[in-house]
Structures are given as structure tokens and as C-alpha cells.
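Working from the sequences, and respecting the hints, build out all of it.
One letter stands for each residue in the lines below.
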Amino acid sequence: ETGVTQSPTHLIKTRGQQVTLRCSSQSGHNTVSWYQQALGQGPQFIFQYYREEENGRGNFPPRFSGLQFPNYSSELNVNALELDDSALYLCASSLKQVNTGELFFGEGSRLTVL
Amino acid sequence: AQSVTQPDIHITVSEGASLELRCNYSYGATPYLFWYVQSPGQGLQLLLKYFSGDTLVQGIKGFEAEFKRSQSSFNLRKPSVHWSDAAEYFCAVGARAAGNKLTFGGGTRVLVKP
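Those protein sequences? They're chains Y and S, same order as listed. Mapping the first sequence onto this note's numbering, position 107 (from 1) lands on 107, and the numbers just tick up by one. Mapping the second sequence onto this note's numbering, position 44 (from 1) lands on 1044, and the numbers just tick up by one.
These aren't lab readings, by the way, just hints derived from the structure by calculation.
Covered stretches of chain Y, as calculated for chain S (at least 3 residues, CB under 8 Å):
{"id": "1", "region": "43 to 52"}
{"id": "2", "region": "102 to 112"}
Which chain Y residues stay away from chain S? Per the calculated CB distances, all over 12 Å, these:
{"id": "3", "residue": "Pro-8"}
{"id": "4", "residue": "Leu-11"}
{"id": "5", "residue": "Ile-12"}
{"id": "6", "residue": "Gln-18"}
{"id": "7", "residue": "Arg-22"}
{"id": "8", "residue": "Gly-28"}
{"id": "9", "residue": "Pro-62"}
{"id": "10", "residue": "Ser-65"}
{"id": "11", "residue": "Ser-73"}
{"id": "12", "residue": "Ala-80"}
{"id": "13", "residue": "Leu-81"}
{"id": "14", "residue": "Asp-85"}
Quick caveat, the model's predicted, so the values are computed rather than measured. We treat Cβ as the ideally placed atom computed from N, Cα and C, and that holds for glycine.
Shown next, in the form of C-alpha cells:
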């Protein structure tokens, strides 16, 4: 069974740039969620994708967007980067049908915005 | 709205001693409750979960947690801590109505003294 994998593991961007983060879900999982974890804080829900459509969104501006592909992998895109976007971005996969909130997390992509 | 409070930001415990981490939640209906552990630079690993039924749940690595509805609490315990338990611990709440969105607490960092 393949776990959740994310890429890149680390990256540095400057303010105003755009970034794309990638996630491959765990084998058999059809739902992908993205979380932002700022330094010293708990993860915050960004959004969730199911059947290639956004299926729930947290309190994040529209410059945070995503995609889910037919193989259930996903991308998180952030436009017009701000310093406060510096964080660990976590991808989590799950089974929609289960709908219990039990998530399986990847190791994250650490984004630094200068 | 859901919320989770972990009152203790840091806890230091001696190896072999017992550990208890506090978690209080706010949610109108019956919640799904989780404890996750995060080692430095890593993603989140699920320790245990509560959906319904027996209020004392057992998890991996010798951890257990007790759901107390009257106190809106879901405290995590381990009878004897090992040095490898040094990590950050997050309590999270979810609900069927919220799909697979989790709300996390701010975390408790556990340090283990030899």
C-alpha cells in the first residue's frame, strides 16, 4: 500500500510569485484535503477535493486554488504569495464514502516566502 | 463552529513517567475526535480516534484516550513514556456533517527527560 506523497519537500519563493504543490493520495483513496500549518500552530483546513471538484473550503482567499486529477492526485496553487504564506502545507487523503474525518497525511511541503 | 483547545503548549516528562495531554473541544453535535502525533519535520500520524461507543479508546504506541461528553474533553494518556515519544501532539475534531474537514488544536510539545 502506497502512502501519501508530496512534492517538493522544501521550496523558497519571493513575494508576488506563484507556487504549485503536488500530492499523490494513498492507494484506494478518492478524496484529498489540504492543510496549512504555520510555525508553532496546528494545521488549518484549506479545502478538499472529491471527484475532481472542490468539496468544502476553509477560510482562505481565492488565490489559494486546487485541482484533483482522475487518478485522485492533487495540486495546490497559491498566487501572489505573501510572507504569511510561509508554512508547512500538508496533503491528506481519505475515502469519501467513509466520511469519518480519518485522514492519512503526507510529510508536507515546506514553503518559505521571502 | 468547531474549536479545539489544548491548554498546555509544552510538557516535560521523565522517561518512564506517565503522560496526560489535555484536549477540550466545542461542537454542537456528537463529534469525531482524533489525536495525531507529529515528529520534527514530519507529517501527522494518527494515534487514535473516537467515533462512538466505548468512551475509552486504545491507540498505537501504547496511547489511550477517554471521551468525556460532560466535560467536552478527550484527554490522551500513556502510562510510561519512552524517549521516542518526544514530539508534538495534536487533538482534532471532525463531524459527519463537515465531511472530512478536521479542526485542530494548537498542539502540545512533549519533551522527554532521560
